[in-house]
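**Q** The whole structure should be built from the sequences, with the hints applied where relevant.
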Amino acid sequence: MDSPARLAVAPSGTRKRRGPLGWVSRDGLSSLLFLLPMLVIFGFFAWFPIVRDVVMSFQRTNLVDTPKFVGLDNFAAVLNDPLFGKSIGNTIYFSVLALVFGYPLPLILAVVISEARRFKGVLSALAYVPVVIPPVVSVLLWTVFYNASPTGLFNTVLSWVGIGAQPWLQNKDTVMPSIVIESTWANAGATMIIYIAALLSVPRELYDAASVDGASILQKIWHVTLPQLRGILLITMILQLIATAQVFTEPYLFTGGGPANSTMTVLFLIYHYAFQNSLGGDYGMAAALSIMLALFLAAFTAIYMWLTRSWSTNS
Amino acid sequence: MTTKKIGNVRGNSAQLYRFALSYLSRVSEEMTFKPVRKVGTLLMAGLAVVIVAGCGSTAATPSAAGSTGPAASNGTTNKPVTITVGVLRPGASQDAADALNLQIDQFQAKYPWITVESQEYNWTAPTFTAALAAGTLPDVYTIPFTDGKGLIQQHQIVNIDARVRALPYVANFNKTVLANGQDADGKIYAVPTQAYGMSLTYNRTLFTQAGLDPNSPPATWADVEADAKIIAAKDHVAGFAQMATQNCGGWQLTTLTYALGGRMEAVDATGKVTATVNNAATKAALKMLQTYRWTDNAMGSTFDYNWGSINQAFSSGQIGMFVGGSDLYTTMVQNNNINPADYGITVIPLASDPNAGVLGGGTLAVVNVNTTEGQRDAAVDWMDFYYMNKLTTEAGALADAQALISNKQPVGVPALPVFDKATFDQSQVWIKSLINVPDAQMSYFKTKIFDQPLVNEPSIDTQTLYADLDPVVQAVLTDQNANIDQLLNDANTQIQKAIDAPAS
Numbered sequence: 001m002d003s004p005a006r007l008a009v010a011p012s013g014t015r016k017r018r019g020p021l022g023w024v025s026r027d028g029l030s031s032l033l034f035l036l037p038m039l040v041i042f043g044f045f046a047w048f049p050i051v052r053d054v055v056m057s058f059q060r061t062n063l064v065d066t067p068k069f070v071g072l073d074n075f076a077a078v079l080n081d082p083l084f085g086k087s088i089g090n091t092i093y094f095s096v097l098a099l100v101f102g103y104p105l106p107l108i109l110a111v112v113i114s115e116a117r118r119f120k121g122v123l124s125a126l127a128y129v130p131v132v133i134p135p136v137v138s139v140l141l142w143t144v145f146y147n148a149s150p151t152g153l154f155n156t157v158l159s160w161v162g163i164g165a166q167p168w169l170q171n172k173d174t175v176m177p178s179i180v181i182e183s184t185w186a187n188a189g190a191t192m193i194i195y196i197a198a199l200l201s202v203p204r205e206l207y208d209a210a211s212v213d214g215a216s217i218l219q220k221i222w223h224v225t226l227p228q229l230r231g232i233l234l235i236t237m238i239l240q241l242i243a244t245a246q247v248f249t250e251p252y253l254f255t256g257g258g259p260a261n262s263t264m265t266v267l268f269l270i271y272h273y274a275f276q277n278s279l280g281g282d283y284g285m286a287a288a289l290s291i292m293l294a295l296f297l298a299a300f301t302a303i304y305m306w307l308t309r310s311w312s313t314n315s
Numbered sequence: 001m002t003t004k005k006i007g008n009v010r011g012n013s014a015q016l017y018r019f020a021l022s023y024l025s026r027v028s029e030e031m032t033f034k035p036v037r038k039v040g041t042l043l044m045a046g047l048a049v050v051i052v053a054g055c056g057s058t059a060a061t062p063s064a065a066g067s068t069g070p071a072a073s074n075g076t077t078n079k080p081v082t083i084t085v086g087v088l089r090p091g092a093s094q095d096a097a098d099a100l101n102l103q104i105d106q107f108q109a110k111y112p113w114i115t116v117e118s119q120e121y122n123w124t125a126p127t128f129t130a131a132l133a134a135g136t137l138p139d140v141y142t143i144p145f146t147d148g149k150g151l152i153q154q155h156q157i158v159n160i161d162a163r164v165r166a167l168p169y170v171a172n173f174n175k176t177v178l179a180n181g182q183d184a185d186g187k188i189y190a191v192p193t194q195a196y197g198m199s200l201t202y203n204r205t206l207f208t209q210a211g212l213d214p215n216s217p218p219a220t221w222a223d224v225e226a227d228a229k230i231i232a233a234k235d236h237v238a239g240f241a242q243m244a245t246q247n248c249g250g251w252q253l254t255t256l257t258y259a260l261g262g263r264m265e266a267v268d269a270t271g272k273v274t275a276t277v278n279n280a281a282t283k284a285a286l287k288m289l290q291t292y293r294w295t296d297n298a299m300g301s302t303f304d305y306n307w308g309s310i311n312q313a314f315s316s317g318q319i320g321m322f323v324g325g326s327d328l329y330t331t332m333v334q335n336n337n338i339n340p341a342d343y344g345i346t347v348i349p350l351a352s353d354p355n356a357g358v359l360g361g362g363t364l365a366v367v368n369v370n371t372t373e374g375q376r377d378a379a380v381d382w383m384d385f386y387y388m389n390k391l392t393t394e395a396g397a398l399a400d401a402q403a404l405i406s407n408k409q410p411v412g413v414p415a416l417p418v419f420d421k422a423t424f425d426q427s428q429v430w431i432k433s434l435i436n437v438p439d440a441q442m443s444y445f446k447t448k449i450f451d452q453p454l455v456n457e458p459s460i461d462t463q464t465l466y467a468d469l470d471p472v473v474q475a476v477l478t479d480q481n482a483n484i485d486q487l488l489n490d491a492n493t494q495i496q497k498a499i500d501a502p503a504s
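As they're listed, the protein sequences go chains A and B. FYI, my numbering numbers position 307 of the first sequence as 307, with every residue one higher than the one before it. FYI, my numbering numbers position 396 of the second sequence as 396, with every residue one higher than the one before it.
If you are wondering where the hints come from, they were derived from the structure by calculation, not from laboratory data. If you're wondering where the values come from, they're calculated on a predicted model, not measured in any experiment.
For lysine to any residue, the following SDA-like pairs were computed, each having C-alpha atoms within a straight-line distance of at most 25 Å: (1) B:K287 / A:T174; (2) A:K86 / B:T493; (3) B:K229 / A:G164; (4) B:K229 / A:T151; (5) A:K68 / B:Q153; (6) B:K229 / A:G152; (7) B:K497 / A:D73.
**A** Following this line, the structure appears as C-alpha cells:
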C-alpha cells in the first residue's frame, strides 16, 4: 500500500498511470474475485429486480404478453385510486399505534430485565421467544386468540370480568389495534435485545453518581439511561417507522385487508394491484406504487437523519 | 433406474427448460426495441441453450400458445413424455391421493409412453395470478368458467382445438357450457369438466337439533331468515353464513342478486358493457344480509369466510346454512371429513321476478402454454381419460366410480351437464348402483335444479367485479351503519373503470 509520505513526494501530474498489470499485482484481481459472488448475487437478486421494477412502473404488462410503455399512466392511476388515500391513512394509523404502544415497550422490558437481580437470562429468553416463532405461526395463533365468538380465548378471559365478547378482527374500529398488539408482541423482543446490549455500555459510575445525588429510579432512567441510549433510540425509531410503513404480513394473514378495506395498507395495496385479478393483475400500477413508497421512505429517512443529526451522538 | 425415477428426472429437466425458454422469450420481447440490447438477448439465448443442454432434456421446443398442433396421441408418435396434472387440493386426504394414483396407473397402462405426475393445485384468484406469472402452474390445470375468455385473449392458455375436435363426443358438448372455453372464432382452448348451479347447503343435524325438519328445507328467503334465527338461538351457531373474502363475497352477492332478479352487468347492442352492481336486487340482497346480521343476530361472529374456510366451518357444524356450489360435497369429504348425515342441499329460493335465476358456473381444464407439442397431446389424452371418459362411456364411468369407491371417495355428487342432457342422464344411469353419497339427501336438488333458469356469471372482468364487491359485503356484515347505496355506487364506479380500462 502507498504510504502518505510516498504520495506526498510525487509531483502533481507526473505520477505514472497504473496499468492493468499493476492493478493485478496490487491484488486488485483477487479482491474482485472475492467480491464477485456477492456482486453477482446482490446484482441479480437486489439491483436487477429494482431496475426491472422501475422499468415496469412505466409499462402495462401481464408478464406474458409484450409490455407496452405507457409513460406516467400507472402513477396517475395510483394517485386517482380511492384505495390509495385509504391505504396511506391505514398505514399511518398502524405506524402511529405501533409507535405509541410498540416503541416504548422494548425499552421498558430492557430496563426491567437489566435491573432484575435474578432470572435475568430466563426473562430475556421469555421476552425473545415470540421473535423466533415464524410470523405465519404467530398470526395463526393470534387468530385463535382473537376468535370473535364468546368461546374465543380473549373473549373467554373478558367474560370472567363481566365484559362481553368483542369482535376483534371482525370490526373496522377494533381490527387495527388488534393487529398492532400482535405485531408488538411478535417484534418487541428483537429491539429489546438491542437495548439490553446498549444498556451494558452505560457507565456504572453515572448511576452511582446519580444515586449519590439522591435520584430515584425514574430520574435515573430519564437523566442517565435515555440520554446514553439516544443514538440507539433514534436508529430504532427510524427502523420501526420504515418497517411499519411496509406492514404486510399481518393484514394479509389476519384480515386480507378487511373488513371493508380497513386494514388495506400501502404494501397490501401493491399486492392487491399485482395479484387480485386472476387474469394477470396490474403489475405496472404495483411497480409504480412500489417506486413511490421507496422514494417516500428514502426522502423521509434523509429528512429524519438531517433533523436528528445533532441528537444522534452521545456527546 | 426405475421408470418412475426417469419420469422425475425428465420432469425436473422439463421445468428448468420451460423456465429458461419462458424467461428468454420475455427478455427477447422486451429488448428487441433497442438494437444494442440484442447482444444481451443473444447472450441470454446462449445461456438458455447451455441450460437446456445441461439438463439433458430431449423435449422439443414449445410453440406459441396459438399453435393448434396435431390431434391428440393416436399411437403413431409415442415418444416418452411427462406431464404434471393439478387435480388434488393441498390438504386432500390420503384416500383421495390413493384414488388419483389408481387412476394415474390406469391412464399410464393405457398410454405407457406418458408419465403423469400429480401436483397439488387449488385455484384462488391471488395465488393463480402469482403462479401464472411465475410459470409454476401444472401442465394441465383447471380454472373457473369466469377466466376462460380472459386467458384466451391474453394468450395464456393453449389452443387445443384440433386435438379436442378429434375426440368422438365433441359434438355432444352443451354449446353454452363449451362457449366458456372458446375464442371469438369458436376455437377450443379449454374443456369444460364440470358445471354447477348454486345451492342452499344446510346442516341437517343442526336443523334437527333446533327442532326443524331437515326434510323441509327453506323454500323462500323468508323461510331462510326464520330458520336461521331459530338455529342461531337454539344451536348457538351461525344460522346463516356468507363468504366475504378472496372474491367470494362478490361471487355470493352476485348469486343472491340473480336469485332476486338482478344483473351485475348490462351489454348493449354494440357490445358495450356497463356495470350495474348498484341495481335494486343487489341492494335488496344486502339489506337481507343486514337484517340477518344486525336485526336477527343470526349470522354468528365470523364474517371473513372464503370458499375453503366456510366449507371447513360448515363441515365442523358451525354453520346452519350457506349458499355454495352444488358440487361442494366432494371437497367436504376430501378436505373436511364431513359427517355425511350432516349434509343437506336444496335449490336456492328464487324471487317471483321473471329475471330471477340460479348462478351457474363450472370448471375448465386447460393446458399450460409452457408445454411442448408432445406434452399438449398427452395433456388432452389426460383430459379425455380423467375428466371426460366418465361422462361419455360406460366403461369410463364405472372405472372412475370404482376407483373412487375403493378409496372411500364420493360418487354421485350433484352436478350439471357439460354435455347434452341425454348424455348426462345416461352417465347417471351407469353409476346408479355405485352411488355412495347420501343420495336421498340430494335427490330433491338433483331434480329441481333443472326446473330453475341458469344464469351465467358476469362476462367481463368477472373476478375484478367480485373483488370490488368483497368490501361491500364485509362492510354490511361488520358495520351496522353501512350505507348500502353509497357502497354500491362507489363499487360500480370502480368496476366500470376496470371494464373501460385498456387490456394489458
